[in-house]
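J.: Keeping their order, the protein sequence lines are chains Y and U.
For what it's worth, the working numbering labels the leading residue of the first sequence as 323, then goes sequentially.
For what it's worth, the working numbering labels the leading residue of the second sequence as 60, then goes sequentially.
It should be emphasised that the hints constitute simulated quantities derived from the structure, not laboratory data.
Please note that the accuracy of each hint is not assured.
Unchecked claim - In silico lysine-lysine, DSS-like type, Cα no more than 27 Å apart, as pairs:
#1 Y:K424 / U:K73
#2 Y:K424 / U:K185
#3 U:K164 / Y:K359
#4 Y:K386 / U:K73
#5 U:K116 / Y:K343
#6 Y:K386 / U:K173
#7 U:K73 / Y:K436
#8 Y:K386 / Y:K436
#9 Y:K424 / U:K164
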Amino acid sequence: MCGAVRYEAETDGRFSVCYCKMCQRWSSGVFMGAPTKGVRITEGQDVLTRVRTSDWASRGFCSKCGSNIYYHADAQDHPSIAFGSLDDTSGMEPRIQFFFDKKPDGLGLDRETKTMTEAECVAHFAS
Amino acid sequence: MNQLNGQCLCGACKITMTPASNEMHICYCDMCRAWTGVGMMAIQAAGDSITVEGPVKTRTTSEWAERAWCDDCGSALYYHVTAEGPYHDNYHVASGLFPNAGGTKLVGELFTDKRPSGYAFAGDLKGMTEAEVMATFGGEP
Chain Y
323 MCGAVRYEAE TDGRFSVCYC KMCQRWSSGV FMGAPTKGVR ITEGQDVLTR
373 VRTSDWASRG FCSKCGSNIY YHADAQDHPS IAFGSLDDTS GMEPRIQFFF
423 DKKPDGLGLD RETKTMTEAE CVAHFAS
Chain U
60 MNQLNGQCLC GACKITMTPA SNEMHICYCD MCRAWTGVGM MAIQAAGDSI
110 TVEGPVKTRT TSEWAERAWC DDCGSALYYH VTAEGPYHDN YHVASGLFPN
160 AGGTKLVGEL FTDKRPSGYA FAGDLKGMTE AEVMATFGGE P
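Chain Y with its partners taken away, still in its complex shape (with noise of 0.2 Å):
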């Protein structure tokens, strides 16, 4: 949001969708990460924050105006991007919905996609 920190990064032109809690409480409700092949910052290291948020992921942000930049689950050689923070989405696409039975009642998307309840995640994530 401030410009402090600028990256690049390769996506495969989808983004993830998640409703847990830890997401809803970090970007205001929902969290959409683009998953990628590859992140590189090119400004702003030094005032981005990485914190670990859970047993499989952690996130980072920057340090300035709070602005979430990406999640990075253990599981994943690469961070997935705060996909609204991206210069370019056009053409991007939602593929999963994950959390999908914690979704907040009073919004949802527009259409369907693949979906995944918070037990199937655990289930998934944790191991």
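Given chain Y's structure and the hints, the job is docking chain U onto it.
T.: Relative to the frame of chain Y, chain U by itself:
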């Protein structure tokens, strides 16, 4: 409306507020999208009902407002109108801080022309483009 009790991801910041209504709005302006990775999904606080504690950091992000987040975990907390005028001191609080988004329902979108093209939120949502927001609220977001 009943008071809502919420917290950030790490629990260090705690917020209570009474919602002005059960409506949630999302703003897709460049700043809000970069802030949360999706947009700012917010509930307006009634009057001065908001209480905040914890390692809150704020940043003046425009002539209109400051934005706040948790210094420990980066959770988005609120958008606070600082400009003089009819919206002065309004707090728009991140809905995700509260269980089930405080029971609110997404009803409207701001800066609809800035929403990424590949998806949309469901519902009969009221929308305002960037130009309409500027005309209504004046100044920069």
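J.: Take the C-alpha atoms of Y:K386 and U:K173, compute the straight-line distance between them, and say whether it is at most 27 Å.
T.: Status holds; Cα separation ~24 Å.
J.: Given the hint that Y:K386 pairs with U:K73, test it: the Cα-Cα distance must not exceed 27 Å.
T.: Holds - the C-alpha atoms of U:K73 and Y:K386 are around 20 Å apart, at most 27 Å.
J.: Would you mind confirming whether the straight-line C-alpha gap from U:K164 to Y:K359 stays at or under 27 Å?
T.: Violated, at roughly 35 Å.
J.: Between the alpha carbons of Y:K424 and U:K164, is the straight-line distance 27 Å or under?
T.: OK: Y:K424 and U:K164 at ~15 Å, within 27 Å.
J.: Would you mind confirming whether the straight-line C-alpha gap from Y:K386 to Y:K436 stays at or under 27 Å?
T.: Violated: Y:K386 and Y:K436 sit about 36 Å apart, past 27 Å.
J.: Hint check: U:K116 vs Y:K343, CA-CA at most 27 Å. Holds or violated?
T.: holds (22 Å)
J.: Assess, step by step, whether the Cα of Y:K424 is no farther than 27 Å from the Cα of U:K185, and give holds or violated.
T.: holds (25 Å)
J.: Assess, step by step, whether the Cα of U:K73 is no farther than 27 Å from the Cα of Y:K436, and give holds or violated.
T.: Violated. U:K73 to Y:K436 sits at ~34 Å, over the 27 Å cutoff.
J.: Just to be careful, I want the Cα atoms of Y:K424 and U:K73 compared with a cutoff of 27 Å; is the pair within it?
T.: Holds: Y:K424 and U:K73 sit about 21 Å apart, inside 27 Å.
Checked against the numbered hints listed earlier, the structure breaks hints 3, 7, 8; every other hint is satisfied.
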